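**Student:** Listed below are the residues making up each chain.
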Amino acid sequence: MLSRVAESLFWMSRYFERAENTARFLDVNFNLLLDLNKITHIENPNYWIALILVTSDKERFNSLYETYSAHTVTDYLVFNKNNPNSITSCISLARENARSIIESISSEMWEQVNNLYHYLQSVTPQFVHNDPYGFYKEIKNASHLFQGITDNTFSHNEGWDFIQIAKYLERTDNIARLIDVKYHMLLSEAQSQPEIVEGSEDIIQWMAVLKSCSALEAFRKVYLSKIDPDNILRFLILDRTFPRSINFSVCAAEDALWRISGSSRHRYVNNADRLIGKLEAELSYTAIEDIYAKGLHIYLEDLEQRLVKVGEQVHLTYFAYHTPEIEPLDIEEALPFTGVAGGRANWSQAQQHQQQQ
Amino acid sequence: MSRFFERYEPETRQFFDEVISTEGAPRPHYDKMLQRFAQFSIDDIKARREIVNIFFRNQGITFTVYGEEEGVERLFPFDLIPRVVPSHEWERIEKGLIQRITALNEFLNDIYHAQKILKDKVIPAELILGSQHFRREFVGVNPPLGIYIHVTGSDIIRDKAGNYFVLEDNLRTPSGVSYMLQNRQAMKRAFPVLFDKYKIRPIENYPQELLRTLQEIGPVSRREPNVVVLTPGIYNSAYFEHSFLARQMGVELTEGKDLVVNNNKVYTRTTRGLEQVDVIYRRVDDAFLDPLVFRPDSKLGVAGLVNAYRKGNVTLANAIGCGVADDKVIYSFVPKIIKYYLGEEPILENVPTWLASNPADLKYILANLDSLVVKAANESGGYGMLIGPESTIEEQENFAEMIVANPRNYIAQPTISLSRHPSFFNDTELWGCHIDLRPYVLYGKTITIVPGGLTRVALKRGSLVVNSSQGGGSKDTWVVDE
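Protein chains in written order, with our numbering: chain A, 1 to 357; chain B, 1 to 482.
Calculated from the structure, these hints are not laboratory results.
Accuracy of the hints is not assured; some may be wrong.
Here are the computed distance ranges between Cβ atoms for each label pair [as the list claims (entries may be wrong)]:
1. A/155 - B/406: 54 to 62 Å
2. A/221 - B/205: 53 to 61 Å
3. A/308 - B/188: 45 to 53 Å
4. B/364 - A/108: 44 to 52 Å
Computed from a prediction, not measured in an experiment: that's the story for all the values here.
The beta-carbon is built from N, C-alpha and C at its ideal position, and this holds for glycine as well.
Please model the complete structure; the sequences and the hints are all you need to start from.
**Tutor:** Quick look at the structure:
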């Protein structure tokens, strides 16, 4: 498979997953505020700032808007073209990647990305405001449909594995960020309003975290109705069977990487395989107490860093357009890792516009 | 006659109408179509239009318009009424094209070897050697089988009397063949019954024929040549076509950065290392192919590609330097070229052409700017053109200045009233719109022409420009056996 095709499959999948996760954050936040509206106001900025923290975008947000409100945060995360992580931007980038490999993916996959893109072009902020539930459901369903179509119309070979790697790396990163931010919020509230930390609002918030991972029902089947933070963290980080837990996602990414390279337990072929294998092994032998001992925030931050490293190694092993035996390595010239697909879009546009006969 | 055709005004005094003869009756090969359309209401037409639009949109069949906001994609305008070409007319076109392309290939082979035609003074040497598309560095290079122009698309028009003429030869990277194929698919979905009524020659084998041609021209030493398509990238207006053809042929679609040259061999970069490439169907202009030889700023090409080509380790389709033969100035010499190499009279005629580089012609051109069509010799896509009867005095003066400053770069032709074909303007009424025809010619061990080609239609009322970049659309084209 051409390296460029593999890379585009990777980013197509990653951006699609990112759009779905953003839709989940927003959807749950609306629901949460409806649950809480007896004690707080829907425009309470505290509940909206968290969504910006999840995406590590505080600076960019502040350069574009003055307040944190339902309106500004929704606009930023759904529509804003200056935000490369907005749902609209992600789907545009997913589509752009799909378009650049349209001959390699199934036409059904292309139609699904293309349909969602055209749907987003037609949606207005007013529409989202009137029916946020319906809108976010549309995005989530579109993503599920895309995955189903991919599984059923695209050969399960190397290309499919790159799609899986991207999806699960992105998902792991998003779950980690979500837990981290919720932890931040509860911590800061505990300092300002100590009386409600142990109260029902806390439980409602943790339920919201579960819901945004579609995990509430699955969680209840395991822990019945004992909704306490320990169990929730145990479930979201360490459960091996739920498809939106960190451990499950890391295992899935590892499986896909190993299928491509032929690595196996105790024997790795490249650094990407080594790093993901190490991460998976650690997760499998970690108890929630180990995480507390290290500190949840530090643990999650470390996890995110390690995921970045895995991504870098995938890039170097399979995508980097560089052949050491032919072209001597020039560090300055090497393509940067972050947002390769997003960043490389413009560099040769002008030349591509050659006149056609 | 159908309700749509009842109200249709063919204006046959001024134009050749493809459907209605000067006597006002439908031509026989359109009888069955008119009968079928007589059964349709406006709602039927709208429903079929919707089927076609959904088909095109789902397939991502769009093109990009330069000079507008980046990334503006439009559906390629498509007209629902197909053009019918009777087989006896087609056979003459086919023979004429085979003759013309054979002669032009001989011409290129000669120009890049002995240059006999220049020594015999059939064509002034300075016109060739001074052409910006003449690649001196390829004199003496031998492409496999001696073929330069593997994929071509000549534009054919009809005048007021219905005679076929060649308007121009596209010998570098002619586009549009994917529209030809998709138009047929769309029509089959929208008008299945109509297909039953005609014996339409199939065109669906084009991708297989293209692949066969490309495999035939591979370097001799390689048994099963590895073929790839080379595209400038997704921002190119013909990108859809590049990916479509790669998919239909089952070969890799590559960009310049996917390829690397080592030891004069070309490889693709894959997730499992390097794989050698034998034939490149390149849709990138010469100037961007190799930054070491042509434009050093090119990001679309592959460093070292030209040397690999000269060594015979990879075949490029089309060869480098073909532009020297589809230049609008050289066009005027094609009848002489046919005569010189084949000893035959041209089967398809040329449009009369005046060369501004010729002092007598220049005088004539400047005196008749209001009635002539003036074209820049090296532009394509309908850019750099003056249509005399539609131009303002100011535009004519501008062109006069440019022509005098650089006469080698301009030619002029009489304004030909292209034939017209009834087309749906909106979905309720038919107007006569000007059309041309671009058949696609494949040249491997033999010459193959898929019957028909792309009929382009000027969907702006009265407009003569059929290029998609200038508001043109297309129609399905049926070569039918009577």
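**Student:** For each hint, tell me whether it holds in the structure or not.
**Tutor:** Right, here's what the structure says about each hint:
1. A/155 - B/406: 54 to 62 Å: 55 Å, holds
2. A/221 - B/205: 53 to 61 Å: This hint holds: roughly 57 Å between Cβ atoms.
3. A/308 - B/188: 45 to 53 Å: At 50 Å between Cβs, range holds.
4. B/364 - A/108: 44 to 52 Å: Check failed, 59 Å falls outside 44 to 52 Å.
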